[in-house]
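For chain A, the structure is supplied; the task is to place chains B and C on it using the hints.
Here are the chains, one letter per residue:
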Amino acid sequence: MILAIASGKGGTGKTTVAANLAVCLPEPVHLLDCDVEEPNCHIFLNPEIKSTERFTLPFPTVDENRCNGCGECSNICQYNAIVSLKSKPLVFPELCHGCGGCSEVCPEEAITEAKREIGTISSGTWRHITFVQGLLDVGQSLSPPLIRAVKQHCGTNGITIIDCPPGTSCPVIAAVTKSDYVVLVSESSPFGLHDLDLAVDTMRKLDLNFGVVINRVSSLDHRVADYCRNAQIPILLEIPDDRKAAEAYSQGLLLVESVPGFRELFERLYNRILSESSQNRKPTPENKRDFEDIA
Amino acid sequence: MKISISSQGSNPDSAVDPRFGRAAQFLIYDTDTASYEVISNSQGQEAAQGAGIKAAETISRCGAQVLITGHCGPKAFSTLKAAGIEVIIGAEGLSVSQAVDKYKSGQFDATNSSDVRGHWK
Amino acid sequence: MKEMVVISGKGGTGKTSLTASFASLNGKSVIVDCDVDASDLPLVLSPVTERMEYFKSGHEAVIRKDDCVACGTCMDKCRFDAVHEARRYGRPSQFTIDPLSCEGCGVCVHFCPSGAIDFPEQVCGQWMVSETRYGPMVHARLAIGAENSGKLVSTVKTEARQIAEERKLPWIIVDGPPGIACPVIASITGASMALVVVEPTLSGVHDMERVFALTKHFNIPTLVCVNKWELNPRIAGEIERGALSAGASFAGKIGYDSSVTAAQIKGIPVVEYGGPAAQDIRRIWQNIEKRMESIEIPTVMEV
Numbered sequence: 001m002i003l004a005i006a007s008g009k010g011g012t013g014k015t016t017v018a019a020n021l022a023v024c025l026p027e028p029v030h031l032l033d034c035d036v037e038e039p040n041c042h043i044f045l046n047p048e049i050k051s052t053e054r055f056t057l058p059f060p061t062v063d064e065n066r067c068n069g070c071g072e073c074s075n076i077c078q079y080n081a082i083v084s085l086k087s088k089p090l091v092f093p094e095l096c097h098g099c100g101g102c103s104e105v106c107p108e109e110a111i112t113e114a115k116r117e118i119g120t121i122s123s124g125t126w127r128h129i130t131f132v133q134g135l136l137d138v139g140q141s142l143s144p145p146l147i148r149a150v151k152q153h154c155g156t157n158g159i160t161i162i163d164c165p166p167g168t169s170c171p172v173i174a175a176v177t178k179s180d181y182v183v184l185v186s187e188s189s190p191f192g193l194h195d196l197d198l199a200v201d202t203m204r205k206l207d208l209n210f211g212v213v214i215n216r217v218s219s220l221d222h223r224v225a226d227y228c229r230n231a232q233i234p235i236l237l238e239i240p241d242d243r244k245a246a247e248a249y250s251q252g253l254l255l256v257e258s259v260p261g262f263r264e265l266f267e268r269l270y271n272r273i274l275s276e277s278s279q280n281r282k283p284t285p286e287n288k289r290d291f292e293d294i295a
Numbered sequence: 296m297k298i299s300i301s302s303q304g305s306n307p308d309s310a311v312d313p314r315f316g317r318a319a320q321f322l323i324y325d326t327d328t329a330s331y332e333v334i335s336n337s338q339g340q341e342a343a344q345g346a347g348i349k350a351a352e353t354i355s356r357c358g359a360q361v362l363i364t365g366h367c368g369p370k371a372f373s374t375l376k377a378a379g380i381e382v383i384i385g386a387e388g389l390s391v392s393q394a395v396d397k398y399k400s401g402q403f404d405a406t407n408s409s410d411v412r413g414h415w416k
Numbered sequence: 417m418k419e420m421v422v423i424s425g426k427g428g429t430g431k432t433s434l435t436a437s438f439a440s441l442n443g444k445s446v447i448v449d450c451d452v453d454a455s456d457l458p459l460v461l462s463p464v465t466e467r468m469e470y471f472k473s474g475h476e477a478v479i480r481k482d483d484c485v486a487c488g489t490c491m492d493k494c495r496f497d498a499v500h501e502a503r504r505y506g507r508p509s510q511f512t513i514d515p516l517s518c519e520g521c522g523v524c525v526h527f528c529p530s531g532a533i534d535f536p537e538q539v540c541g542q543w544m545v546s547e548t549r550y551g552p553m554v555h556a557r558l559a560i561g562a563e564n565s566g567k568l569v570s571t572v573k574t575e576a577r578q579i580a581e582e583r584k585l586p587w588i589i590v591d592g593p594p595g596i597a598c599p600v601i602a603s604i605t606g607a608s609m610a611l612v613v614v615e616p617t618l619s620g621v622h623d624m625e626r627v628f629a630l631t632k633h634f635n636i637p638t639l640v641c642v643n644k645w646e647l648n649p650r651i652a653g654e655i656e657r658g659a660l661s662a663g664a665s666f667a668g669k670i671g672y673d674s675s676v677t678a679a680q681i682k683g684i685p686v687v688e689y690g691g692p693a694a695q696d697i698r699r700i701w702q703n704i705e706k707r708m709e710s711i712e713i714p715t716v717m718e719v
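Residue numbers (the working numbering), protein chains in the order written: chain A, 1 to 295; chain B, 296 to 416; chain C, 417 to 719.
With the rest of the complex left out, here is chain A:
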């Protein structure tokens, strides 16, 4: 089973849920950190890294002797990464998405593809967990291809947990697609509620089965829980607003091993996910909203 841990808002506790849940799961467990801009799972697990590979994207190089300056490459490129003027085309690798259009279309076969490095994929183990992480190079802008590459390491059996990037745009889509169940982590605050609503829309648009974990639950604000009940979204777990938990997190400690009561919470979460995902109950589609409707 592939289990994605996502959220609309950043900093709600995705990594906390992903890492602590992974520890409570029976073998075999894969934990993939797909928050490639800021991966943090390793801080809590300290895995022994056994292999690292540089991740590359293709980009065009032009054989000057073959190029006849026809400009077909420049016409097909939607990203303005290759431009043909009077001379040999100019290539801007940082704009290239690696679609291969220019090399396919070149009538003189003057374009071949070279590789540019945009990040690193490292993998290792920690206790019974197989750990894989993607890390985007600073200054690089294109994270979805790296996320897709990390996801090639999903386990063939047992449970694979994917720690996703925040938001609702393309990196999140790349991280959550093809998962069997999504855990949306929200926090009990107005910002948390607003961003949860966006994340819920995203999951419905993708037709994914999901439930919600509410983090930092306090007596001040019940709106996230009320929202879930109204929208018939299962609340998988409520994590109390606990200063001890925040302090343990700050030191990079696993809550299930340092704060009393948390192991039970996460074991309960695991059982709840198992029963929810096997029911294959998709939350009611009637308030599925398209972008046009909110416009």
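Calculated from the structure, these hints are not laboratory results. Watch out, some of these pointers could steer you wrong.
On the chain A side, residues computed to face chain C include the following (Cβ under 8 Å) [claimed, not checked]: (1) 52; (2) 155; (3) 156; (4) 165; (5) 166; (6) 190.
Below 20 Å or equal to it, Euclidean Cα-Cα: the simulated PhoX-like pairs (lysine-lysine) are [as the list claims (entries may be wrong)]: (7) B:297 with B:397; (8) A:86 with B:397; (9) A:88 with B:399.
Here the structure is a predicted model, which is why all the values come from computation and not from measurement. Even glycine gets a Cβ: it sits at the ideal position worked out from N, Cα and C.
Just chains B and C now, kept in the frame of chain A:
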């Protein structure tokens, strides 16, 4: 010789558009006929990325040998250079016809580097 | 024009709460929400929208069912796994393109032998110009699953600069997105200064180092402040030292204070709600103003 100017409007009295890549449009002044031609920059304006590259391609295809604009980023500059176009920056605040006159009287210096940082290095 | 962008690397460190307070303290700024993916600043500043524009960016491939001959060329050419195939009697019968996976490269459109693929421009969101009690605000909403290429962020920032110029407002205060990729790069491009908000956690420190690398890469003067510093005073101290040794300035620290959440629930900036954190934020704002005065403001335009 053809001189291209990034322009906020479609006549020679319009102000020079300080932007190059996302300029409202270009006016092309032909020194042989002393006439202006309006060129759309819709491709530059609509580009999700690399607007300056697209705009440089547009004016190069019009046969311009000179560009007068306000600012120019690094990718646009290397594209213009590859196309053999002389780049004049710092013309914001002038009208298109004033910029052309200033160029003709030799009061502009061609630049040999971009003057703004790019979005992506 | 003084343009300050609030960023963090890691999400949820308090960027929006701080930005809202700065807007309230300054009162002569254009306020910008560049977190177009999860725009929360409007929840605190209650903007009244005066103008809304659709944001178009890139194209999307769409197969016309009736003209598709099911040859599969599109599937062979697509490098983004966006083409799906329906089979009937063991043979491909229909191809469709998943709009959420489509990268808009247009390669299938070009190579389709029956010309059955349309390539319309894509509406990827909307952006708004609004009025708040603290000045004009520019904000946006990216459509779900859209590519956050940074173009929407750039659009919003260009509009904000125009408004600042027209209304002679000396400051632009920008609430940035989390992360370090496209939207963040677009948010900090052309800024006079970046304020990095960090929580004293190991994750916060890790992410801060990557943000430093980014602001350094783009040569932007950087300030750092620590939020909820009592959570881990030792790490808070390390952040302060780390910031200084990385060439950034230290703007101050904010205490762990429940009035921050209480202000959010009430929908007002922390500095208007009061409490110890409000005092800390005031002090940080004074440091920002002081630091801004020493920065030479470069002329930077969109290119």
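Consistency of the hints with the structure:
1. 52: violated, 17 Å
2. 155: Because about 20 Å separates residue 155 of chain A from the closest Cβ in chain C, which is outside the 8 Å limit, the hint is violated.
3. 156: violated, 19 Å
4. 165: holds, 7 Å
5. 166: Hint on residue 166 of chain A: holds, closest Cβ of chain C at ~5 Å, below 8 Å.
6. 190: holds, 5 Å
7. B:297 with B:397: holds, 15 Å
8. A:86 with B:397: This hinted pair is violated, its Cα atoms lying about 28 Å apart.
9. A:88 with B:399: Violated: residue 88 of chain A and residue 399 of chain B sit about 31 Å apart, past 20 Å.
The structure does not agree with the numbered hints 1, 2, 3, 8 and 9 stated previously, though it agrees with the rest.
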